[in-house]
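Undergrad: Sequence:
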Amino acid sequence: MTAARRRWLPDTLLVRILAPGVFALVVLLVVSLVVHASLLRQAAERGAAEVAAHRVAGVAEAIAAVARPDRFRIAQALSAPDLALSWGDAPDLPSDRARAAPDLAHVGRLAEVTREIRVAPGLSDAEHGALRNVAVSVQLVDGSWVNARVLAVSLIAADDAAFRVAVGTVAAALLICVALASRVAAAPLARLARAVRHLPPDGDAPLPQVGGPQEVRDVTEALDGALRRVRDLLRQRSLALGALSHDLMSPLARLKLRADELPDPALRRTVQRDLAEMEGMVGDVLAYLRGADGGGEPVVPVSVTDLVQVVVDEFAETGADVEERRLDEATVLARPVALKRVLRNLVENAIKYGANPWVEVLTNRSEVEVRVGDHGPGVPPEDLARVFEPFFRGDRARAAGGGSGLGLPTAKAIAEAHGGALELASAPGGGTIAVLKLPPTSAVTPAQLPSKPGA
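Position 129 (the sequence shown) corresponds to 129 in this note's numbering; numbering is contiguous.
You can take every hint at face value.
Simulated pairs of lysine to any residue, SDA-like, Cα-Cα distance not exceeding 25 Å: (1) K256 / L244; (2) K437 / R194; (3) K340 / G283; (4) K340 / A421; (5) K437 / V196; (6) K437 / D321; (7) K412 / R325; (8) K412 / Q309; (9) K340 / S366; (10) K412 / E329; (11) K340 / W358; (12) K352 / V435; (13) K412 / D383; (14) K412 / L327; (15) K412 / L234; (16) K412 / F388; (17) K340 / G376; (18) K340 / P301; (19) K437 / I351; (20) K437 / T363; (21) K352 / V337; (22) K437 / E389; (23) K352 / S426; (24) K437 / E369; (25) K256 / D274; (26) K412 / P380; (27) K352 / R326; (28) K352 / A320; (29) K352 / G319; (30) K412 / D313; (31) K437 / D383.
Across the chosen pairs, the derived CB separations fall in these ranges: (32) R164 / A421: 53 to 61 Å; (33) F163 / A90: 38 to 46 Å; (34) R268 / R325: 41 to 49 Å; (35) E324 / A240: 40 to 48 Å; (36) A240 / F388: 18 to 26 Å; (37) A276 / A385: 27 to 35 Å; (38) A276 / A425: 27 to 35 Å; (39) F163 / P213: 32 to 40 Å; (40) F163 / A24: 16 to 24 Å.
Simulated from the structure, these hints should not be mistaken for laboratory data.
Here a beta-carbon is modelled for each residue, glycine too, at the ideal position from N, C-alpha and C.
Make a model of the complete structure from these sequences and hints.
TA: Rendered as structure tokens:
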């Protein structure tokens, strides 16, 4: 599809079916109207020529009634301003330039005085609705010819409004039928797209049957099979992560106990700090790999406002003050521990990399927004597009030390698993604002969130 077409028409199945149908219908209508107009014009011209021939044939009957020496004079006398008559032994119209009118030569008394009538239609004057310079040659029974030229014959004006209305009605009916058929064909695909879009990859619910033609049902079955394979892969990954968590955390716990027994205080603090950093990095990796499933944590109604205040109070106990701005009352369906992890990560980043951190909770009918900001140097524009990439750390994060580059990717995955989103932007005047968007309780159900792996 060309860029111009994409600009003017939506690239949907409905449009792709309708567009060729409408084009073919328009071509059919144009051809029908052109052919109809041509046939109508030919019929009118033929009728006008026959009217002229009939008029001349009537005059020829009068000429045939007189003696041969008087016929030329009578022909001249019967001439009129719009009718030039002559009589002679030869026709003015050769047979190869004229159309015979046998139906006129054998009507009534004309059959008694004429043998042949030839007609040569002249020029059509559409502006004045007339046929001009119609030539007629009538052969009398004695073999002589009456030749005439009719200057103008009025064309019969045919009203084709009824034909146009009929064609328009048929075209409209066909267009409606094509549109309905296209919508019926596209509707199952639209339902399938909505079902796939809202179906969690690690749940157990199959894809709903959307009906439609066999091709759509085949696509649904193929997607359902692919979804089952993805779910099996995720379950296997969850089991492997559980084993990895146990295998890594147990040696770390033993190392921490042994570090406590080191006699050198400076060495003990160094080893403990390294072990704590290692434990944090392992936890970050496991949390990121665990992703959206929340480790099987159940979905319950959670007061976002209360959870924000709990996180702020915990940081206050460590000496980090966070300004609480507007805090609307808001409740969402969520996994509390996973959601708290997101909030802690955002607030910790504001404290660690910014200055004068603040938080607020805003609500409206469509979503709940948790905004966490600071008045620090902000995130460089070139880093904003990459902050949600796994293991990415900007220059300031690397300079500050620590961190695995998985905090924001994990927070984003958790937010999206709850039907929300996480956005990061530079604040006007300096600083960074992180916006966590969540659907309100009325807009999400537990079935929309991933269930416990393997359940």
